[in-house]
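Those protein sequence lines, which keep their order, are chains A and B. Under the numbering used here, think of the first position of the first sequence as 1, with each following residue one higher. Under the numbering used here, think of the first position of the second sequence as 1, with each following residue one higher.
If you are wondering where the hints come from, they were derived from the structure by calculation, not from laboratory data. Note that the structure is a prediction, hence the values are computed from the model and not measured. We treat Cβ as the ideally placed atom computed from N, Cα and C, and that holds for glycine. There could be a bad hint or two in this list.
To be verified - Stretches of chain B that chain A covers, calculated by requiring three or more beta carbons in the stretch to come under 8 Å of a beta carbon on chain A: (1) 94–108; (2) 126–134; (3) 149–155; (4) 186–195.
Unchecked claim - Straight-line alpha carbon distances no greater than 25 Å define the calculated SDA-like cross-link-like pairs of lysine to any residue that follow: (5) B:K152 - A:F47; (6) A:K19 - B:K7; (7) A:K54 - B:N8; (8) B:K7 - A:F47; (9) B:K4 - A:E57; (10) A:K72 - B:L162; (11) B:K7 - A:P42; (12) A:K72 - B:E183; (13) A:K33 - B:Y153; (14) B:K152 - A:E68; (15) A:K29 - A:P70; (16) B:K149 - A:G97; (17) B:K7 - A:I65; (18) B:K152 - A:E103; (19) B:K196 - B:D148; (20) B:K180 - A:S92; (21) B:K219 - B:E111; (22) A:K19 - B:E2; (23) B:K4 - A:V66; (24) A:K33 - B:K152; (25) A:K21 - B:K7; (26) B:K152 - A:K21.
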Amino acid sequence: MHELTIARNIIQIVENELKKKGNSAKVKKVSFKAGALNAIIPESLVFGFDILKKDSELLRDSELIVEEIPLKVKCRACGTESVLDGPFFFCSNCGSGDIEVVEGEEMFVESVELYEPEEESYGD
Amino acid sequence: MEIKIVKNVLEANEALAGEIRKRNRAKGITMFNFMSSPGSGKTAIIERIVPELKKRGYRIGIVEGDITSTLDAERVRRFDVPISQINTEPFGGDCHLGSEVILPAIDELGEDLDIILIENVGNLVCPAEFDTGADHNIVVLSITEGEDKPLKYPLMFRVCSLALVNKIDLLPYLDVNIAKVEENIRRINSNMYVIKTSAKTGEGVDSLVGWMERNLIEK
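The whole structure should be built from the sequences, with the hints applied where relevant.
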């Protein structure tokens, strides 16, 4: 259940970033991206987020959108880039196991969407 | 209105882990982080290597992580080395050790050390995600867990540089194909160093201690 820790971090990051930007409008949507290698279960992450957001003034009425980043690797031997669709870390071109992950092991808060001032109902 | 943020969700953990690594390097301390599923033999392996490392003159400290209980710490107490127990329960029963709990734990061990061993919480998923500040990550996989585990928990096998295939004393009684276990490890991480061990008989312990010695940071 690392999803709960990650949900907590997401809320903290959004609160800090909005504070830094001097923004006090409430958050409508949080877009979060997780690499395929991070083994995030979106349902668990949203479940944890929905519990924790209740304590946050800014995020109480927000929705968490989780998107997966495919696992993209680059072969150190032949330079080919490919997307892995299973846990087999070999180059699709030359078969070398000496590959590095280019994308798909990072998790980040990509953006937030804020309620517009005229949107008076926050959905509660 | 949309606001771009693009901020790594584990950034705070990684920054602190980097800080821990820097501090340990300055003191000449090498930290090894042992991870595995529950019951694969992390504590038994540590019980084997601590006396060996002590015999070779190294000063050891141990960080024991568990969701609750001090059972593992009690098992290693007889070695007369400093032990720091982390129970993650007060932090919400976390299934991993984050760098924020490692830092106070290693402070408690004192400074006169060469090696710190972390026994992480038994779990093949979450601990892989959280950098502890260790110099080397070691995964213990016991042969009773099945040949497919590296394929099911790829991140764990990606972040480790040494895999211990443990409980090989049980080989005669199991249908497990040990070559397949190794092959699956290499499918995930072709650079992984693999040592077959039995914490029960002591087989492979010399190789493990040798690997650790070769991978100590320069003083």
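Can you name, in rising order, the numbers of the hints this structure does not satisfy?
26
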